[in-house]
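Asks: The primary structure of each chain is shown beneath.
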Amino acid sequence: MSPNPVDGTAETSSVDCSCSPKREMLHLLLYCKDGCVPYLNPTQLEQYFPPSSGLWLCLSVQDACVFPMFDKPVKKKAKDDVINKKTKEVPAEPKKVRGYAFASAPPDPWLLPYTRVTVPYFSNKNKEQLADNKSICVWTPHGRQRLASETYAKVAMEGLQSNYTVSLFDDAGVSSVKQPDSVRWQKAHGRNNLWLEQLVQVAKQQDALDRIWRPVFLPPSNHDDEVNNDAMTNESQTGSLGAAGVAFVGKWRHGLLTGNNGMAQIPDDVKWKCLLSTTSLLEFVEIAAQGYFNIVGTDLPALWAKEKVALIVQPQRGPSTNEPTAKRPKLDADEKGGETDHANEPTLDFNGCIDMSDKVHARDPRPLVEGCTCMTCQHGGRFSRGYIHHLVCAKELLAEILLFAHNLHHMLELIRLFNEGGSDPADIVNTIKSRLPNAK
Amino acid sequence: MKRKATDDAAVATSNTITTATRMSDVPSDGVPSQQQLDGGVSYNNNYDPEPIRPEWLELPPELRSVDFTVDGAAAWDKYEPYNPQRSLPIVPVDTPPTFSSSSSSSSSALCFHINGIDGRARAATIHFPNNGPPVTTPRFMPVGTKGTLKGVLPDEIASMECPIILANTYHLAIQPGTELIDQVFGGLHNFMGGIRRDTDNNDNDNNDNNDNNKRLYNLLTDSGGFQMVSLAALSNVTEKGVVFQSPYSKEHMLLRPEDSIRCQNEIGADVIMQLDDVISSVATNEDRFRIATFRTLRWYDRCVQAHQYPHRQNLFPIVQGHLDTSRGGLRELCLAGFKHRDQHHRRIPGFAIGGLAGGESKDDFWKVVDHACRHLPDDRPRYLMGVGYPLDLVVCTALGVDMYDCVYPTRTARFGVALVDEGQIKLKQHQFAAKNPSSADMTINNNNSNNNNINSNTPIDKDCPCEACRRGVSKERLHSLLKANNPIGVQLVTQHNVTYMMQLVTRMRKSILERSFQQFVQEFLRRYFADDQGSVPTWVRDALQAAGLSWRWTP
Chain A
1 MSPNPVDGTA
11 ETSSVDCSCS
21 PKREMLHLLL
31 YCKDGCVPYL
41 NPTQLEQYFP
51 PSSGLWLCLS
61 VQDACVFPMF
71 DKPVKKKAKD
81 DVINKKTKEV
91 PAEPKKVRGY
101 AFASAPPDPW
111 LLPYTRVTVP
121 YFSNKNKEQL
131 ADNKSICVWT
141 PHGRQRLASE
151 TYAKVAMEGL
161 QSNYTVSLFD
171 DAGVSSVKQP
181 DSVRWQKAHG
191 RNNLWLEQLV
201 QVAKQQDALD
211 RIWRPVFLPP
221 SNHDDEVNND
231 AMTNESQTGS
241 LGAAGVAFVG
251 KWRHGLLTGN
261 NGMAQIPDDV
271 KWKCLLSTTS
281 LLEFVEIAAQ
291 GYFNIVGTDL
301 PALWAKEKVA
311 LIVQPQRGPS
321 TNEPTAKRPK
331 LDADEKGGET
341 DHANEPTLDF
351 NGCIDMSDKV
361 HARDPRPLVE
371 GCTCMTCQHG
381 GRFSRGYIHH
391 LVCAKELLAE
401 ILLFAHNLHH
411 MLELIRLFNE
421 GGSDPADIVN
431 TIKSRLPNAK
Chain B
1 MKRKATDDAA
11 VATSNTITTA
21 TRMSDVPSDG
31 VPSQQQLDGG
41 VSYNNNYDPE
51 PIRPEWLELP
61 PELRSVDFTV
71 DGAAAWDKYE
81 PYNPQRSLPI
91 VPVDTPPTFS
101 SSSSSSSSAL
111 CFHINGIDGR
121 ARAATIHFPN
131 NGPPVTTPRF
141 MPVGTKGTLK
151 GVLPDEIASM
161 ECPIILANTY
171 HLAIQPGTEL
181 IDQVFGGLHN
191 FMGGIRRDTD
201 NNDNDNNDNN
211 DNNKRLYNLL
221 TDSGGFQMVS
231 LAALSNVTEK
241 GVVFQSPYSK
251 EHMLLRPEDS
261 IRCQNEIGAD
271 VIMQLDDVIS
281 SVATNEDRFR
291 IATFRTLRWY
301 DRCVQAHQYP
311 HRQNLFPIVQ
321 GHLDTSRGGL
331 RELCLAGFKH
341 RDQHHRRIPG
351 FAIGGLAGGE
361 SKDDFWKVVD
371 HACRHLPDDR
381 PRYLMGVGYP
391 LDLVVCTALG
401 VDMYDCVYPT
411 RTARFGVALV
421 DEGQIKLKQH
431 QFAAKNPSSA
441 DMTINNNNSN
451 NNNINSNTPI
461 DKDCPCEACR
471 RGVSKERLHS
481 LLKANNPIGV
491 QLVTQHNVTY
501 MMQLVTRMRK
511 SILERSFQQF
521 VQEFLRRYFA
531 DDQGSVPTWV
541 RDALQAAGLS
551 WRWTP
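Top to bottom, those sequences are chains A and B. Residue numbers for the first sequence follow UniProt numbering, beginning at 1 and rising by one. Residue numbers for the second sequence follow UniProt numbering, beginning at 1 and rising by one.
The following block holds chain B by itself, in its conformation from the complex (with noise of 0.2 Å):
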């Protein structure tokens, strides 16, 4: 099912795009020489750039007239509670959708509707024009790293209330390739099956407004860098691109913010990614942070360039800055950076907050994250990468963050780890094993006197809606499956994890529409550490009294 042609123009700059990115004259030693690749490149894992050239160090020309000693300068649109002057505009939750490049909460690709507040938590919900269903904030997406998450259908992702799930362009890029996907199926919506066709018809026709032809999900993808740094060898950030060794082929490959885009574009999420210079959140060398910051906002516009379809896929600029964010530090640097663009180039539809989940203190990642609410707008999403646990999630949302990523309830559920309110059950634990058989009477018996506490022949949650928990599967049966690697077990896992974190978003947002965030949280936490509130780490106390909330809950 081939979608409509690309003018000519940009058929040729695609072609030619391909052909730069197979470095085809790289030596026999597998070794890029200097006059292939621009300056600051290193051939060793640790960036050494050399040379550097003093441009990338200094303030871009559009910054240089932002007074920064004034509070908030890299702030924009803001409203309450940040602006008590402003009211936040709040759209009861049924509103149908406008999608205008005009209005101040839409743009072509992207509605935007804010329901409702409490203190900094925001409830929202975010329209696409694609036929798929809308996505509530706060919100979790599930990883569907190529292409499918792992084991489970399509349909059951839309049973388990999953609105959004993210795909990783790098992985798809290499397996099968973006443009077999965007012209022999016209999308990745097609290709995972995630289109229902309601009518049993044989017309091929990928018309997506297509009442008939509902999208189970939507989809957002990353740009891929993320994944070249940290799972390529021989990964090197030039101006350019990313410099890295194709896992399958050895070639080396360039991966330019423009390739990314292309790959994006063909691959037809409805929220793409801009290539962003991703640096580790616990590196130390302070030049190559201003380097990363200054190249992520030119590598943005070079996107914006790129981007062939603004008016269905929506591109979110990352900010980056590392975890600086003192008064005209990196994050300011680069938020005011992103404001310019806004408000003088082409309005951005939402915001991601990267660099963080990468091994830094929490003490920095709540700050960082802190800080970019009290900055980014509150009429657009606000989109915090790579960050999926529970606790987490629930202290960004108090500080104003909409949607999340990660990889954890998936990973963990190949583990055999379930989550709930209370932390983790490990279900490979021989704690959840059947209890003994005594040798003549082989019964297995459910008042065995042994793991009284543990209650191995529960369900994970007798509250939880997900397979497992809804039909009594027990924690003994699914420790059996797991231990015997049968795929079921981690099937139901899996399902029971996505479902969870559905139900986790589902709750807090429930609890700001009502203006009960306060005690959802406090009750969480009860929760979380055992009604325990010695256990409370320090960070979450912080956080949350940043948030404006108390973090105490009654005994």
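Okay, chain A solo, but in the shape it has when bound (with noise of 0.2 Å):
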């Protein structure tokens, strides 16, 4: 999967929504860390974003499922004992840890009513990618551990027991910017097709083959197209080998399903196909207005909460009370800031975000969306913008808990948006474009 965008530019251009011709019901599958949703207990959870909200859990084995090791007893000669040399067992350190392992852990309870993905990694950090046909190096909060496919086929089966498995894979550097080598690409190829392989025949096994996905990676924007089709073509010939769903694999853009792109000749029973990976608000809404995917996978509602940025822009028409102007004047720099001024209302970034760290929050007293119903907002603003701005100078783990709250319910509004049916997609997606600065 692709890193996030470190540009500021929203991608521009139309939406392209003739390769489908049937929308599906859309899904918000959410990047859990640790196999836990983020920010939120238990009892938040199933408050305020029960299984009927569309929402998707995306659990990994990077970081779910890896545990440490300690040392074995050893056995040593007993001190008295040398005459006989009889050994005892001597009871092992319990600090010392030996290693890392991925082992099998049952996901928490109240994640069970969810339906859940389990990927092998959200984002792998080599550059290198150190893969044989056994095994991959992976990124784990432990430092690099090898995760071998028999692991990973008995820890996400059976372990984690989500609804949908995608099978391992070697990204062979797709996120990287340079062209990939041709022979590594082959090579990851061919390891991807043996561990979809190996992932069946468990899945078989365990009559469960209809929780398989397999992965389809999508080549990165700067590569030779001709590369691209026949790499497109290569993953469509190979086809599902009978897994249920189909999981794309880095970054998405414009084109990718025209022409006689591989991508269109995936099967029709492959019931699902997800995009992993969404890394701007602009690209999540033009995917889920395409309707080619029923999943869409993101880590951003985290990742804004983690940058301390509240998500504002909405899709209805109309002017928005609470929607701030893209440019402001400059702010007078005595100014010590009376009662909300809305001449100097703060600037959306690109994806429709506000910064909550900006001191013009500081005396605001509304919510982050009037009439927004999540968490944060609901009751007419119960945390308002002057709160959660002082949260987050006092660097208060609440304050990213309620702007997680809000972003997820952003999000799940907008898929709701498109799932209702009762405007066009190309629409909102306009709509939303028109209130993005720096978009075209």
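Just so you know, the hints here were simulated from the structure itself, not pulled from any lab data. Just so you know, these numbers come straight off a predicted model, no measurement behind them. One thing to keep in mind: the hints can contain errors.
Unchecked claim - Partial list, computed: chain B residues near chain A (C-beta under 10 Å):
| hint | residue |
| --- | --- |
| 1 | GLY119 |
| 2 | THR148 |
| 3 | MET192 |
| 4 | ARG196 |
| 5 | ARG197 |
| 6 | ALA433 |
| 7 | GLY472 |
| 8 | VAL473 |
| 9 | ARG477 |
| 10 | SER480 |
Unchecked claim - Capping the alpha-carbon separation at 27 Å, the derived lysine-lysine pairs in DSSO-like fashion look like this:
| hint | chain 1 | residue 1 | chain 2 | residue 2 |
| --- | --- | --- | --- | --- |
| 11 | B | LYS428 | A | LYS33 |
| 12 | A | LYS154 | B | LYS483 |
| 13 | A | LYS33 | A | LYS306 |
| 14 | A | LYS395 | A | LYS306 |
| 15 | B | LYS483 | A | LYS395 |
| 16 | A | LYS273 | A | LYS187 |
| 17 | B | LYS483 | A | LYS306 |
| 18 | A | LYS204 | A | LYS154 |
| 19 | B | LYS214 | B | LYS240 |
| 20 | A | LYS359 | A | LYS306 |
| 21 | B | LYS78 | B | LYS510 |
| 22 | B | LYS240 | B | LYS250 |
| 23 | A | LYS204 | A | LYS134 |
| 24 | A | LYS359 | B | LYS250 |
| 25 | B | LYS426 | B | LYS362 |
| 26 | A | LYS154 | A | LYS273 |
| 27 | A | LYS96 | B | LYS428 |
| 28 | A | LYS395 | B | LYS426 |
| 29 | A | LYS134 | A | LYS33 |
| 30 | B | LYS250 | A | LYS395 |
| 31 | A | LYS96 | B | LYS483 |
| 32 | B | LYS428 | A | LYS306 |
| 33 | A | LYS154 | A | LYS271 |
| 34 | B | LYS428 | A | LYS395 |
| 35 | A | LYS359 | A | LYS395 |
| 36 | B | LYS426 | B | LYS483 |
| 37 | A | LYS273 | A | LYS204 |
| 38 | B | LYS362 | A | LYS33 |
| 39 | A | LYS96 | B | LYS426 |
| 40 | A | LYS33 | B | LYS483 |
Think of the CB as a built atom: it goes at the ideal place given N, C-alpha and C, for glycine as much as any other residue.
Put the two chains together into one complex, using the hints given.
Replies: Given below as structure tokens:
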């Protein structure tokens, strides 16, 4: 999967809704680091984001299934038994971690009502993917660990017991800006098919073939088109091998669904088409609007919460009294800040978010979004912008909790809007685009 | 949402105070000149009074006629068991409050009902006229330092049965500023989202007495004095107030009693504290203790003078006096001073016991608490500041304390330490890690032979109603979340610790009402000291003995 973009510009081109005649119900696939929903305890999760909200959870073996290993008991000669040369077991030192290993662990019980998807990793920092046909190196919270394909199959299928499992993959550096070495690409492709076959065999034994998704790689934009087409054709010709779904890995870009592109040749009996990673709001809504994918993965709500920004752009038509202008006049340097001055509204970033560390929020009693029914804004704005700004300044965890809940709610509202079908998806995207800075 | 405007004089006073605290004429080297400060200033961290005014060491006029040779000269409004001839008025648990300054058990901003006693331990209910929940005692108040209880929502505070929390005036005055909290948001309750509006209306009227606007919890603010002397650089106490260096702007600030009360008025807490002259309990300068004791009385008078809302905010004085519990000693002098003010000026709604939890020996600690409870009125709440260890709570409740506060449960949670009756569970220790997976069969085995006694695959406490324990989150799981620095781990342990403290005080209250507090204490000690009577410290034995309780349990 691709890392987050670092440029501040939103992608600009028209939405292509021509490839999918029939819109699927859309779901949001949320990254759950360490096997738990970010920031929300079980009660908050159930109360504000029940399974019926369209939220799916993405768990990764990379961080949810890695455990420390301790020294095993060692046999030492007993001091007083040198003549008989007997040995006894000396208990292992409990503090000494020998290493880390992947192991099965059941998911948290309150996650069971949700539809869960298991992936090997959310992101792999390796510049050089260290992999062979049996295993791949994965960056875990405890350093680089080797994840064997058999281990992954067992941990993912039997341990996490997710509804769907994406087979282990070597992304061959598709996230790299350099053109992948063709040899490496070929090898990775071969490994991925091998690992998919292994997983399918395990799934067949458990009569769980409909739980397997195969990964398909989206070539980067700077790669040669011919190479791309070959790659995509290669992917599609391999077929799903009976997998129930396809998980697209990499960064989405326009044009991947047009022409004779291999993606269009994904068999129709593949029920689930998931884009594992979206890295901006515009990308998210454009992909949702296309109708090709029925699951869109993202980590944006948590990332935005960590960056202390709140998503406030709304797709409804008409002016919003809550949305700031894209530009604002310069603040008077001596201004201490009286009551809320709408002339000094915060600026939107390219994701339609406002930075809650901005001093302009300090005296703002309004909610993040007027009329929003999320945990943060409900009841007429129980947690005001001023309070959230204070929490951000005070470096309090509650700031991230409130921002995450709001951001996730907002994104689920967007999903709901697409699913309702009341508005033309292109209109929704264009409305949002019109409110974002730098969007053409 | 604005409060009702204060009168012009108060506004003018407020502006004057704000200007006075800015000390904009501080020289470029950052050190205030002698002319800018009153006497008694030192520029190092050790207080070096120079010059000391003789009147600071003299007995205050109101105490000169007190005969301290008489037993209980500094005690007043005592009932049983201290005064067997006077029965304490016991009020049934659900009795509605009355708020009247003429009542013996209430003021216009606080109603104190004693629901039961068992020895010196009391179970009471404190009511505030603010549409908030009643505060039952014994009561522990978790500390929400900067207007939030670390990672806990207001609804969750209420669901943990926590009717009152503490906020720090010092931190809130620095960020975001108490004037902002008041003028823009109408007080800290509103600011924190601690008011639940049952009807989803857009009416911004901040009418706290509206039945539709219920406060989820009450608030108590401290004066900021302790934080200033413990956190701020270049902190020096003068007769005017405390000079300290702002950690943000680096400029010198003077916090006077008037300023502290103004900030607390703006915050709008239900209970506010006087600014007292705080001295470390392990300091040794006797003259300094004497000055601090009398200055605390003078500063209390200034706090009362500056207090704008006595009808809705209760100002508690703080009993100081170092560790001197001798007859006619500093503690008695301070108590006698407050007794005089209570009886001749304005009725004091409640009292705080200060100057402890600063490193003194436990033996001195319990003796000061014992002394204070023997002298303070029985018909008012008694609040012991800065105490939060479960064992301390049990012992001090036996001595007659009603309220406590401490950062300990929430702070220790952030280090992965969970509180239980048996002591602590350090969840980050390796013994709570998931068991070794074997090389072939990579399955976590609940029956792993290692660490069978740790039971790391069980919740912290199966009987605890907190979020983590109720959901069956195992210690293993919490260990992995804490080691991964996942915020959920800290949130869950914080909620557990706060819930544990709430459950502890609830159990104490229940035992007092059922007149089985003795059994509760014995059972608590048995579990806390792992059934080893020899482990019970001497100070615990002595304190419980002084409270008329037996510390021994039946093996």
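Asks: Next step is simple, just say for each hint if it's right about the structure.
Replies: Structure-based check of each hint:
For B/GLY119, the shortest C-beta to C-beta distance to chain A is roughly 39 Å, which exceeds 10 Å, and the interface hint is violated. Because the closest C-beta pair between B/THR148 and chain A is about 5 Å apart, less than 10 Å, the hint holds. A least Cβ separation of about 7 Å between B/MET192 and chain A falls short of the 10 Å threshold, and the interface hint therefore holds. Given the 10 Å rule on beta carbons, the hint for B/ARG196 holds: about 7 Å separates it from the nearest Cβ of chain A.
The criterion of a C-beta within 10 Å of any C-beta in chain A is met by B/ARG197, whose closest approach is roughly 5 Å, and the hint holds. This hint holds: B/ALA433 has a C-beta 5 Å from the nearest C-beta of chain A, less than the 10 Å allowed. Because the closest C-beta pair between B/GLY472 and chain A is about 6 Å apart, less than 10 Å, the hint holds. The beta carbon of B/VAL473 comes within 7 Å of a beta carbon in chain A, closer than 10 Å, and the hint placing it at the interface holds.
Interface hint at B/ARG477: satisfied, since its Cβ lies 7 Å from the closest Cβ of chain A, which is below the 10 Å cut-off. Because the smallest distance between the Cβ of B/SER480 and any Cβ of chain A comes to about 7 Å, under 10 Å, the interface hint for this residue holds. The hinted pair formed by B/LYS428 and A/LYS33 meets the criterion: a straight-line CA distance of about 19 Å does not exceed 27 Å. Under the criterion of a C-alpha separation no larger than 27 Å, the hint pairing A/LYS154 with B/LYS483 is consistent with the structure, at around 24 Å.
Distance restraint check for A/LYS33 and A/LYS306: the Cα-Cα separation of roughly 14 Å lies within the 27 Å cut-off, and the hinted pair is therefore satisfied. Straight-line distance between C-alpha atoms of A/LYS395 and A/LYS306 comes to about 11 Å, which keeps the hinted pair within the 27 Å bound. A distance of roughly 21 Å separates the Cα atoms of B/LYS483 and A/LYS395; the hinted pair therefore holds under the 27 Å criterion. A distance of roughly 25 Å separates the Cα atoms of A/LYS273 and A/LYS187; the hinted pair therefore holds under the 27 Å criterion.
Straight-line distance between C-alpha atoms of B/LYS483 and A/LYS306 comes to about 19 Å, which keeps the hinted pair within the 27 Å bound. For the hint linking A/LYS204 to A/LYS154, the alpha-carbon distance of about 13 Å falls within 27 Å, and the restraint holds. Taking the CA atoms of B/LYS214 and B/LYS240, the gap is near 39 Å; set against the 27 Å cutoff, the hint is violated. As the CA atoms of A/LYS359 and A/LYS306 are separated by approximately 18 Å, the hinted pair is consistent with the 27 Å bound.
Straight-line distance between C-alpha atoms of B/LYS78 and B/LYS510 comes to about 24 Å, which keeps the hinted pair within the 27 Å bound. In summary, the hint linking B/LYS240 to B/LYS250 is supported, as the alpha carbons are separated by about 20 Å, within the 27 Å threshold. With a CA separation close to 20 Å, the supplied pair A/LYS204 and A/LYS134 stays within the 27 Å bound. Pair hint A/LYS359 plus B/LYS250 holds up; C-alpha atoms about 20 Å apart against a cutoff of 27 Å.
A hinted pair counts as satisfied when its Cα atoms are at most 27 Å apart, and B/LYS426 with B/LYS362 qualifies at roughly 24 Å. A threshold of 27 Å between alpha carbons decides the hint, and for A/LYS154 with A/LYS273 the separation of about 24 Å falls inside it, so the pair holds. For a cut-off of 27 Å, the pair hint linking A/LYS96 to B/LYS428 stands: about 14 Å separates their Cα positions. At roughly 25 Å between alpha-carbon atoms, A/LYS395 and B/LYS426 fall within 27 Å of each other, so this suggested pair holds.
The suggested pairing of A/LYS134 with A/LYS33 holds, with an alpha-carbon distance near 25 Å, which does not exceed 27 Å. As the CA atoms of B/LYS250 and A/LYS395 are separated by approximately 20 Å, the hinted pair is consistent with the 27 Å bound. With a CA separation close to 15 Å, the supplied pair A/LYS96 and B/LYS483 stays within the 27 Å bound. This hinted pair checks out: B/LYS428 and A/LYS306 have alpha carbons roughly 24 Å apart, not beyond 27 Å.
Distance hint between A/LYS154 and A/LYS271 is fulfilled; the C-alpha atoms sit about 24 Å from each other, no more than 27 Å. A distance of roughly 23 Å separates the Cα atoms of B/LYS428 and A/LYS395; the hinted pair therefore holds under the 27 Å criterion. Proposed proximity of A/LYS359 and A/LYS395 is supported: the alpha carbons are some 14 Å apart, at most 27 Å. Note on B/LYS426 and B/LYS483: the hinted pairing holds, with a Cα-Cα distance of about 12 Å set against a maximum of 27 Å.
Annotation: proposed proximity of A/LYS273 to A/LYS204 holds, straight-line Cα distance about 21 Å (limit 27 Å). For the given pair, B/LYS362 sits about 45 Å from A/LYS33 by alpha-carbon distance, which is inconsistent with the 27 Å threshold. Distance hint between A/LYS96 and B/LYS426 is fulfilled; the C-alpha atoms sit about 17 Å from each other, no more than 27 Å. For the hint linking A/LYS33 to B/LYS483, the alpha-carbon distance of about 13 Å falls within 27 Å, and the restraint holds.
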